[in-house]
Amino acid sequence: EAGVAQSPRYKIIEKRQSVAFWCNPISGHATLYWYQQILGQGPKLLIQFQNNGVVDDSQLPKDRFSAERLKGVDSTLKIQPAKLEDSAVYLCASSLALRQGETQYFGPGTRLLVL
Amino acid sequence: GQQLNQSPQSMFIQEGEDVSMNCTSSSIFNTWLWYKQEPGEGPVLLIALYKAGELTSNGRLTAQFGITRKDSFLNISASIPSDVGIYFCAGSLNAGGTSYGKLTFGQGTILTVHP
Chain A
83 EAGVAQSPRY KIIEKRQSVA FWCNPISGHA TLYWYQQILG QGPKLLIQFQ
133 NNGVVDDSQL PKDRFSAERL KGVDSTLKIQ PAKLEDSAVY LCASSLALRQ
183 GETQYFGPGT RLLVL
Chain H
57 GQQLNQSPQS MFIQEGEDVS MNCTSSSIFN TWLWYKQEPG EGPVLLIALY
107 KAGELTSNGR LTAQFGITRK DSFLNISASI PSDVGIYFCA GSLNAGGTSY
157 GKLTFGQGTI LTVHP
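Respectively, the protein sequence lines represent chains A and H. Counting from 83, one number per residue, gives the positions in the first sequence under the working numbering. Counting from 57, one number per residue, gives the positions in the second sequence under the working numbering.
With the rest of the complex left out, here is chain A (with noise of 0.2 Å):
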């Protein structure tokens, strides 16, 4: 069975430019989360979806961040425009639901650098 797939691996991108990231889930999962992982530290999630919906984005900073899950399956992530501090890992996964003891299944990331 695949994992998440997610792309590009790596971004270098100056600060003010925008920057667009992919997450393919494991098919049939219906709950996609999006994560940053700055240096040294743990995961922090960002999104959550189930299907189409957004289920929590309280830790997404709405002012710059955005994404979307247009058909339940793939999802994007985009930062407009990009600052220093958002350096990072951004980690995609995904679980079958959104349930008590559903694993979540890591992407390897995207790392972005942002000069």
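Rather than coming from a laboratory, the hints here were simulated on the basis of the structure. Glycine included, C-beta positions come from ideal geometry on N, C-alpha and C. Be careful, since some hints might not be right.
[Claimed, not checked] Just so you have them, the derived chain A footprint on chain H, three or more residues with Cβ under 8 Å:
#1 98-105
#2 162-171
[What the hints assert, rightly or not] Per the computed footprint, the stretches of chain A lying under chain H, defined by three or more beta-carbons under 8 Å from a beta-carbon of chain H, are:
#3 117-126
#4 178-185
#5 188-197
Mind docking chain H on chain A? Use the hints.
Using the frame of chain A, we list chain H on its own:
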């Protein structure tokens, strides 16, 4: 908000030694998870705990859900070089509704095993 304190921050051990790490929270969780992350990859679930006092093993790994529901412990016995990586604890309230799937991660314990 909720915070998880994970200790130690790093460990340097000899192959064959046992390892212990722990995680404490400022508030109660009803699910504790332990993940391992290797360079360039996303976290992978090692052990999940769903009940206070629960002790669960996965091969050489043993984890416990603290009685107070505010802490958890992970032990690795007879370490081997492939145990190298960053170990994260994560807690979830899973109290129904939109709380499912919301993970709060610790800062991680970096494990180095010398052959």
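Three-residue Cβ test at 8 Å for the coverage of the segment 98-105 of chain H by chain A: holds (count 5)
Taking 8 Å as the Cβ threshold, is the statement that the segment 117-126 of chain A is covered by chain H upheld or broken by the three-residue rule? holds (count 5)
Quick one: see if chain A covers the segment 162-171 of chain H, three-plus residues with Cβ-Cβ under 8 Å. holds (count 3)
Test coverage of the segment 188-197 of chain A by chain H using CB-CB distances below 8 Å; three residues minimum. holds (count 4)
Tell me whether the statement that chain H covers the segment 178-185 of chain A is true, taking a Cβ distance below 8 Å and needing three residues at minimum. holds (count 6)
Every hint from the earlier list agrees with this structure, and none is contradicted.
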